[in-house]
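J.: Based on the hints, put chains S and G with the ligands in the right spot on chain V.
Just so you know, the sequences run in chain order V, S and G.
Residues in the first sequence are numbered from 1 upward in steps of one, following my numbering.
Residues in the second sequence are numbered from 1001 upward in steps of one, following my numbering.
Residues in the third sequence are numbered from 2001 upward in steps of one, following my numbering.
Wrong hints could be hidden among the right ones.
Subject to a maximum C-alpha distance of 25 angstroms in a straight line, what follows is the list of computed BS3-like cross-link-like pairs (lysine-lysine) [as the list claims (entries may be wrong)]: (1) LYS59/V - LYS2111/G; (2) LYS1232/S - LYS1010/S; (3) LYS1289/S - LYS2092/G; (4) LYS59/V - LYS2083/G; (5) LYS1160/S - LYS1007/S; (6) LYS1260/S - LYS1160/S; (7) LYS1290/S - LYS2086/G; (8) LYS1298/S - LYS1377/S; (9) LYS1289/S - LYS1232/S; (10) LYS59/V - LYS1289/S; (11) LYS1289/S - LYS1192/S; (12) LYS1160/S - LYS1002/S.
In case anyone wonders, no lab produced these hints; they're calculated from the structure.
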Amino acid sequence: MRHLTQNSLNRTWLILIGLTLLTTAIAESSALTTVSVTAITLIVIVKGRLIIREYMDMKSANPVLYWALIAYMVLFSTAMPLSFLFG
Amino acid sequence: MKYESQKVAKPYFIFALILFAGQVLFGLIMGMQYIDGDTLFPYIPFNVARMVHTNLLIVWLLFGFMGAAYYLIPEESETELFCPKLAIVMFWVFAAAGVATILGYLLVPYAELARLTGNVIWPTMGREFLEQPTITKLGIVVVALAFIFNIGMTVLKGRKTVINLILITGLIGLAVFFLFSFYNPINLALDKFFWWWVVHLWVEGVWELILGAILAFVLVKITGVDREYIEKWLYLIIALTLISGLVGMGHHYYWIGTPKYWLWLGSFFSALEPIPFFMMMLYAFSVVKKRRINPNNKIATTWALGTATMAFLGAGVWGFIHTLAPVNYYTHGTQITAAHGHLAFFGAYAMIVMTIISYAMPILRGREEGNPPEAQKVERIAFWLMCISMIGITLALTAAGVWQVSLQRLPETGATGFIDTQTQINPVYWIRLLLGLLFTAGLAAYLASFFISGRTESRSA
Amino acid sequence: MTTLTNDGKKSLPHTHTPGNPAVWVFVLSEMSEFAFFFIVFLVVKLLHPELFSTGPAQLNTLAGLANTALLITSSWFVANAVKATKSGHREKTISWLALTIAAGLLYCAIKYLEYRWNVDHGITTRTNLFFSLYYYLAFNHLLHVLIGICVIGWALLQSWLGAYDAEDHEGLEGAATYWHMIDLVWILLFPLLYIVG
Ligand code: HEM
Ligand code: HEM
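The shape of chain V in the complex, shown without the other chains (with noise of 0.2 angstroms):
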């Protein structure tokens, strides 16, 4: 296991498949609250932020790009626990 997660593309693996399968053991637990959503919607924008980090390698990108493609992945999962809410 130590070699496997010593490689940052390994690790980001194993991260984002557990945070996977953590979004729908929450989502098959029990039902929605406002709590849960926003766990969710947290960890959507964990994902999307290693994805966009260790993946794309975009660390050290043209910030503009970089802020981009995080305020997109922010923007639209929070409109998530907010339509929730108020839906």
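T.: Using the frame of chain V, we list chains S and G with the ligands on its own:
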């Protein structure tokens, strides 16, 4: 300027830009009529303004293409133009016919114009973009034949390059497909079927060859990159254009009474049409990145890259949005179509003409080194004003279109009627009008940039 | 006229954006297109909340979950392909890209099974507005996966022809960027369609 006869391009470019200004003026008039239908009533009804707007567009682009051809064909062929006099004579013939036709639209009712020009003898009038009286159409054919003869002979006696061969293929295609405007069957389905042979096979077929050739020419000149490299791309782009574009025409055959298989053919092949536009953008950026020279005419590079990008957005992205049959079922003929029409025509064809003008006009005016920095600065402001406001117009019309679809097309029962829908969308038309004014400001700055001589000029000369 | 001494690149220290401007125009257009669909989705949801609160539970969460895992994994494959090229391993690049394509195809297969499952459970494009939007969004995403497969296939071919090396692999990066974009969009789509609605 390498060849004296390239000079004949100059009046073509100047007249093209004058007509462009006229086109935008009528666009603004319609922009107002969308908000208040009685604007300028009874002098300029909407249908007349629309006809003038779109016909001026087509005609100024043709002037631009002809100017471009007269400029680049001698240089590519490394020989003087076959007959410069013919080019000048044809300029006046075309300009006179164009002005007379527009005056005809404005001064007499359309039906009267049809009667005066003997439309009954050979009826071809009354179809969008092809409203010209039959005699004007014949005039266009004469001008086009003389033009093609002239540049064809030039290419024949001179060097043949990929660029000038593709350009002339495109121009011949332009003339040939225009002939379908003389075919006007009574059967409405057949009429529409062949109408698109002019309209679609122009803008999504042969004009793309013209666009590709002019862009390649300018890129060769402003980057100094090997011709072989650019030509390789050009071949690929042209091949993809023809493969996707010819059958892609099916996206206009969904609802006009043609067999059902067009739904599949049209959707599939037109979905491929954005690829050549993407390739064009890819290669424009890659050629500029590889550039070996850094000419003082910087703004020409901006135009070239801008054309490739805006053409991709207008034709590729906004074309794709509504090209699949299940989507087009709802969006056909809505403001989404107008959004696409504007961005595509502007991004691809208006901008390529301004690209070649930006490169060639300074040289034609004896400024081999490009315009002085002051003029380029104004031109750059104009570039951004026009591009941004046109994207704004497109977004506004897209919003209007979505709104329209949701009110008028989506509801299975109790849909809002056409006019009621338009009334509700009114706020968006205000935004469009304001952006149209911004566009006009950009155009004014662009035209003004030609009159800035700059102090540095005398120093560098 | 000045002749450039270098190849005309403005290279700031320590900044490197994968791909090139053309790729980014494309990727951003695609994301805008999805943004547009997200907005439509949310607006319709505000108008018909009842459909959207019951809709997601009726969809096959397992299919959504499997496809999320597949896309994440495929992104990992692509990232590895770029990494392999950067360290000069052409063979490895080709294998990683082939794996990416395989994951993409598997995604399509699952979509196919999911659509069949839907039909068996009486879910069609016309069942209600939630499902119409689900189909529009998911099908549109499927189209992008197909395009992505072609793009990665192209990069694979180029790798095989030896077009990329450790320094110059802009095309591969462009293809990878496109593929990751597909993944990003799905990460938003998965909770939106299958969980929260
Ligand atoms: C530079 C190239 C292009 C130009 C100048 C252009 C221009 C136009 C114009 C003016 C119309 C409206 C025609 C009318 O009055 O009915 C139109 C319609 C249409 N265009 Fe394009 N177009 C271009 C490329 C494309 C491409 C590449 C696609 C597809 C990917 C496309 C898809 C469509 C579709 C589907 C319609 C029909 C819209 C409807 O049903 O109302 N276009 N185009
Ligand atoms: C000041 C800016 C402009 C305004 C306010 C404007 C407005 C309009 C309006 C109101 C229409 C009629 C749409 C309808 O039938 O409902 C139209 C059509 C059209 N305009 Fe413009 N326009 C402007 C500039 C331009 C430019 C710069 C171009 C191209 C370079 C252009 C190309 C077209 C085309 C191709 C059509 C026909 C579209 C179709 O058939 O769907 N316009 N314009």
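J.: Now, for every hint given, state plainly whether the structure supports it.
T.: So, going through the hints one by one against the coordinates:
1. LYS59/V - LYS2111/G: This hinted pair is violated, its Cα atoms lying about 33 angstroms apart.
2. LYS1232/S - LYS1010/S: Violated, at roughly 31 angstroms.
3. LYS1289/S - LYS2092/G: Not satisfied, since the Cα-Cα distance of roughly 29 angstroms exceeds 25 angstroms.
4. LYS59/V - LYS2083/G: holds (15 angstroms)
5. LYS1160/S - LYS1007/S: holds (21 angstroms)
6. LYS1260/S - LYS1160/S: violated (44 angstroms)
7. LYS1290/S - LYS2086/G: holds (21 angstroms)
8. LYS1298/S - LYS1377/S: holds (10 angstroms)
9. LYS1289/S - LYS1232/S: holds (17 angstroms)
10. LYS59/V - LYS1289/S: Holds - the C-alpha atoms of LYS1289/S and LYS59/V are around 23 angstroms apart, at most 25 angstroms.
11. LYS1289/S - LYS1192/S: violated (44 angstroms)
12. LYS1160/S - LYS1002/S: holds (17 angstroms)
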